[in-house]
Amino acid sequence: MAAHRPVDPAIARSWLLVPGTRVDLFDENAASRADAVVLDIEDAVDPSNKPQARQDVADWLRGGGRAWVRVNDVASPFWSDDLAVLAGIPTLLGIMLAKTETPDQVTSSFDRLGGTVPVVALIESAVGMEDAAHIAKARGSFRLAFGSGDFRRDTGMSADAEAMAYPRARLVIASRVGGLPGPIDGPTVGNSMPTLREHSAITVSMGMTGKLCLAAEQAPVINEVISPTPSEVAWALDFLADFESRGRVVRDGSDLPRLGRAQKIEKLAVAFGVHPS
1 MAAHRPVDPA
11 IARSWLLVPG
21 TRVDLFDENA
31 ASRADAVVLD
41 IEDAVDPSNK
51 PQARQDVADW
61 LRGGGRAWVR
71 VNDVASPFWS
81 DDLAVLAGIP
91 TLLGIMLAKT
101 ETPDQVTSSF
111 DRLGGTVPVV
121 ALIESAVGME
131 DAAHIAKARG
141 SFRLAFGSGD
151 FRRDTGMSAD
161 AEAMAYPRAR
171 LVIASRVGGL
181 PGPIDGPTVG
191 NSMPTLREHS
201 AITVSMGMTG
211 KLCLAAEQAP
221 VINEVISPTP
231 SEVAWALDFL
241 ADFESRGRVV
251 RDGSDLPRLG
261 RAQKIEKLAV
271 AFGVHPS
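Residues in the sequence shown are numbered consecutively from 1, following the UniProt record's numbering.
Hints may contain errors.
Computed spacing ranges between beta-carbons, pair by pair [what the hints assert, rightly or not]:
(1) Gly273 - Gly63: 23 to 33 angstroms
(2) Pro220 - Asp8: 38 to 48 angstroms
(3) Gly207 - Asp160: 12 to 22 angstroms
(4) Val249 - Val23: 17 to 27 angstroms
(5) Ser158 - Gly63: 25 to 35 angstroms
(6) Gly260 - Ser192: 27 to 37 angstroms
(7) Gly260 - Val127: 28 to 38 angstroms
(8) Glu217 - Glu162: 25 to 35 angstroms
(9) Leu259 - Asp104: 24 to 34 angstroms
These aren't lab readings, by the way, just hints derived from the structure by calculation.
Values in this document were obtained by computation on a predicted structure and should not be read as measured data.
The beta-carbon is built from N, C-alpha and C at its ideal position, and this holds for glycine as well.
All chains should be modelled from the sequences, with the hints used to inform the complete structure.
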């Protein structure tokens with residue numbers, strides 16, 4: 001694997017949540033292996049500390065820092081102030097909108113930020129999940145993300161892969177219907193890297209293309225698992241070379257699906273610096 005490079009947020013794999021109260025960690029995490037850094041002024045911040053965290057995040061961004069920001073949900077008393085303080089900051093890469101439940105919430109947030117700042121809609125409830133396809137189609141929607149912890153709390157569902165298969169699949173299908181990149185899976189809690197690797201493999205198997213993370217140390221594992229493997233890259237390059245050598249002639253019904261897969265793998269390999277084995 002090549003050294004870490006800037007990654008298009010449309011295909012970003014690891015989305016690192018950093019508490020908005022930890023100004024001392026902003027620079028360090030911005031330089032980490034995470035594809036995207038999200039300064040969190042929602043769940044990671046006590047309500048009494050939100051005004052200070054909001055201002056600290058805005059000041060860091062105005063000082064040249066570049067990051068996404070997870071803002072409070074539209075129904076909260078903090079949402080309007082969050083967007084008012086962040087509006088017009090050129091180094092704000094985008095926002096992650098907590099507890100998104102309707103398309104209008106995405107569009108209202110998008111418009112308040114001038115109609116140019118992308119919105120990752122964080123789906124964290126049964127209501128939001130039920131309307132995921134419409135949320136994905138909303139003006140301003142950039143990607144969907146799965147707030148798995150709050151979703152489980154809302155529904156009473158367990159964290160088992162079987163129980164979480166439906167909401168994950170729902171977000172994948174909604175993203176496809178809305179013409180968005182693949183969705184971002186919820187985080188893995190804890191320090192076990194084997195567990196993180198296992199959970200990231202489930203993310204991939206479900207068709208999701210990113211994953212939230214809670215510590216910078218998790219990012220390299222997530223990046224590795226979500227990237228195409230060297231053997232997959234080797235297969236893709238061999239298939240594409242063979243396809244070109246026979247004049248791009250389609251031999252049977254399996255050629256076009258394989259061509260699409262090979263082209264996708266090649267694109268991701270270039271973006272992520274993965275070389276064939």
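Given a hint of 24 to 34 angstroms, does the C-beta separation of Leu259 and Asp104 actually sit inside it? violated, 40 angstroms
CB-CB spacing for Gly63 and Gly273 relative to the 23 to 33 angstroms hint: Given a distance of about 30 angstroms, which is inside 23 to 33 angstroms, the answer is holds.
Tell me if the beta carbons of Gly260 and Val127 are separated by a distance inside 28 to 38 angstroms. Since the Cβ atoms of Gly260 and Val127 sit about 35 angstroms apart, the hinted range of 28 to 38 angstroms holds.
Given a hinted range of 25 to 35 angstroms, is it respected by the beta-carbon distance of Glu217 and Glu162? Holds, since Glu217 and Glu162 (Cβ atoms, about 28 angstroms apart) stay within the stated range.
Looking only at beta-carbon atoms, does the pair Gly260, Ser192 fall within the given range of 27 to 37 angstroms? Once the Cβ atoms are compared, 35 angstroms apart, the range 27 to 37 angstroms for Ser192 and Gly260 holds.
Taking 38 to 48 angstroms as the stated bounds, is the beta-carbon spacing between Pro220 and Asp8 within them? violated, 19 angstroms
Quick one: are Ser158 and Gly63 within 25 to 35 angstroms, going by C-beta? Since the Cβ atoms of Ser158 and Gly63 sit about 43 angstroms apart, the hinted range of 25 to 35 angstroms is violated.
Per the hint of 17 to 27 angstroms, is the separation of the Cβ atoms of Val249 and Val23 within bounds? violated, 59 angstroms
Verdict for Gly207, Asp160 (Cβ pair) under range 12 to 22 angstroms: About 18 angstroms separates the Cβ atoms of Gly207 and Asp160, which means 12 to 22 angstroms holds.
Checked against the numbered hints above, the structure breaks hints 2, 4, 5, 9 and satisfies the rest.
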